[in-house]
Amino acid sequence: MIGNPEAAVGGPTTVPALAPEQAVALPGVWRLGLGRGGVELKAFFRDKMAVAFIFGLPAILLVLLGSIFGHQAAARGVTVGQLFTAGMIAGGIMATSFQYLAIGIANERETGMLKRLSGTPMPPVAYFMGKVIQVMVCTVAETVLLMAVGVVFYHLHLPASPGRWLTFAWVFLLGTAASSLLGIAASSLPRSAASAAPVISLPFTVLQFISGVYVPFNDVPGWMRDVASFFPLKWMGQGMRSVFLPEHAAALEPAGTWEHGHIALVLAAWIVAGLVLCMRTFRWQSHQ
Amino acid sequence: MNTDTAVMVRDLRKSYPDVTAVDGIDLDIARGEVFALLGPNGAGKTTTVEILEGFRQRDRGTVAVLGHDPAHGGRAWRARIGIVLQLASAGPELTVLEMVRHFASFYPCPREPEEAIELVGLTDKARSRIASLSGGLTRRLDVALGIVGRPELLFLDEPTTGFDPEARRQFWELIRGLRTDGTTILLTTHYLDEAEALADRIAIIASGRIVASGDPASLGGRATADVHVSWDEPGAPGRTTEKTPTPTRLVTELTARFGGEVPGLTVTRPSLEDIYLDLITEGRS
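Chains as they are written, first to last, in our numbering: chain G, 1 to 288; chain A, 1001 to 1285.
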């Protein structure tokens, strides 16, 4: 070995008997997961389309909707701005988790990036760790941005009690987890990189309308509310309203209460269903 | 398991619902060898290579790649092979250097990312975004990602498709350099001149079977096949051509008959292309 002083002194060098696979340890899973997360974040924030349509759009819509429907007081001391901020936080969480993962992974699969990664010694778990890191950072940033818009434009009062922040934390975490798993599962639906964005974004936009993100949930026709009740977004929005709206606003909910137990149950059920769907459908290669 | 063998395949079979893609293939690739798999589209080349790479499951047969069954190859096995895949041009928003450095981090004993980039001639573009690269330069990045892990065995599936002639020559030099370093290389290609220039041995695959294998000079009986001797016979229209297993004797006779120079004399052995076309035509029938 060049530059090895012992080799020069000790005469002929002996080649180590170890096979190359044993000679050097493989890089650790945590290090690789963190590395994936760094690369994912870099790619996300450099991607103008992702930043504009996934990250920026909910904030833009919140400003627009709030301005158009303005400060007109809704029934019993709830401003439409507060209502929209809570709903748009739920929509924003689903945008940075469900929508971005579904489109992003579909793209990676159809361009061959997933196949290429699976041909390296990168452990699959590191890939998903990278996604978790990317989604958590983007979703927290998205939520902070939307709260800031609510505070600045619509006099949103951030909750003062620890109990409300606790509710915020579990709704945020369960909602992000359920949406992320659904996003990974939905990434198998588009059949080409070009179709990924429309195939995912169209149903997602419809879901936001019927789940009370773009219009107050009370204004949504009953049958649409029933459809929305099957999906996690309606429950995420309801949870966020319970965090950001005054207590008496619970009377405006269809059930007349915040239904925290129902929210947790539905989101947990979607986490289980999403996990099963992911494990059954995730492919590293395109169908072609 | 013989440690001098990089790839060992016995009676490999793979069927899809409507077609038998691989119909009983045997292969042996020695360590340090450059082995080319030639064949028309749909002959079973890609299926065979993807089974060896661990991307596809086989139906039947025995396969050992660096001593391991690729169907159960773990991370340690993956660290020893390199796969050059074609990435569609719309990659992530990363620079060439960032991407190569990221891939290097997966391996226990990688090349320096800058070195891998230098080897494929992308140093000028190291800080460019992947999306800004032309098709040919993207292919070079593909190769850099395949070799950055310092593989013992490198899979190259039609690596020079879309290269201009100069880039192809540079790529050939790169392959020769990797071979000198002891890397075993399995290459599939459409280009017969590429196989002839690079490969120590060639196998021709048609309809899921190996129809010939050997070194490029003697493949398919090329060294012993009839030779075409042509010349301009005075008075006869066009060229006169004779196929003969003994060209030296014929030329000697002609020399005697013409009393010296034979007008327009050419002596040609069948090209690799002639042999190839004959073989795949036979293989199909």
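Keep in mind the hints are simulated off the structure, nothing from the lab.
We put the CB at the ideal spot given by N, CA and C, even for glycine.
Careful, some of the hints might be misleading.
With beta-carbon atoms standing in for the labels, derived distance ranges [stated by the list, open to error]: (1) G:Arg191 - A:Gly1177: 37 to 47 Å; (2) G:Leu34 - A:Ala1197: 26 to 36 Å; (3) A:Glu1115 - G:Phe128: 53 to 63 Å; (4) G:His157 - A:Cys1109: 53 to 63 Å; (5) A:Arg1060 - G:Gly222: 57 to 67 Å; (6) A:Gly1221 - G:Arg191: 19 to 29 Å; (7) A:His1072 - G:Val63: 37 to 47 Å; (8) G:Arg191 - A:Asp1011: 57 to 67 Å; (9) A:Thr1224 - G:Phe128: 55 to 65 Å; (10) G:Leu34 - A:Arg1060: 51 to 61 Å.
Here are the simulated lysine to aspartate or glutamate pairs, EDC-like style, with alpha carbons at most 16 Å apart [to be verified]: (11) A:Lys1243 - A:Glu1253; (12) G:Lys42 - A:Glu1253; (13) A:Lys1243 - A:Glu1261; (14) A:Lys1243 - A:Asp1274; (15) A:Lys1125 - A:Glu1173; (16) A:Lys1125 - A:Glu1152; (17) G:Lys42 - A:Glu1098; (18) G:Lys115 - A:Glu1253; (19) G:Lys48 - A:Glu1093; (20) A:Lys1243 - A:Asp1215.
Each hint, compared with the structure:
no.: 1; hint: G:Arg191 - A:Gly1177: 37 to 47 Å; verdict: holds, 41 Å
no.: 2; hint: G:Leu34 - A:Ala1197: 26 to 36 Å; verdict: violated, 44 Å
no.: 3; hint: A:Glu1115 - G:Phe128: 53 to 63 Å; verdict: violated, 31 Å
no.: 4; hint: G:His157 - A:Cys1109: 53 to 63 Å; verdict: holds, 57 Å
no.: 5; hint: A:Arg1060 - G:Gly222: 57 to 67 Å; verdict: holds, 59 Å
no.: 6; hint: A:Gly1221 - G:Arg191: 19 to 29 Å; verdict: violated, 47 Å
no.: 7; hint: A:His1072 - G:Val63: 37 to 47 Å; verdict: violated, 55 Å
no.: 8; hint: G:Arg191 - A:Asp1011: 57 to 67 Å; verdict: violated, 35 Å
no.: 9; hint: A:Thr1224 - G:Phe128: 55 to 65 Å; verdict: holds, 58 Å
no.: 10; hint: G:Leu34 - A:Arg1060: 51 to 61 Å; verdict: violated, 42 Å
no.: 11; hint: A:Lys1243 - A:Glu1253; verdict: holds, 14 Å
no.: 12; hint: G:Lys42 - A:Glu1253; verdict: violated, 76 Å
no.: 13; hint: A:Lys1243 - A:Glu1261; verdict: violated, 20 Å
no.: 14; hint: A:Lys1243 - A:Asp1274; verdict: holds, 14 Å
no.: 15; hint: A:Lys1125 - A:Glu1173; verdict: violated, 20 Å
no.: 16; hint: A:Lys1125 - A:Glu1152; verdict: violated, 27 Å
no.: 17; hint: G:Lys42 - A:Glu1098; verdict: holds, 10 Å
no.: 18; hint: G:Lys115 - A:Glu1253; verdict: violated, 62 Å
no.: 19; hint: G:Lys48 - A:Glu1093; verdict: holds, 10 Å
no.: 20; hint: A:Lys1243 - A:Asp1215; verdict: violated, 23 Å
Against the hints set out earlier in the document, violations occur for numbers 2, 3, 6, 7, 8, 10, 12, 13, 15, 16, 18, 20.
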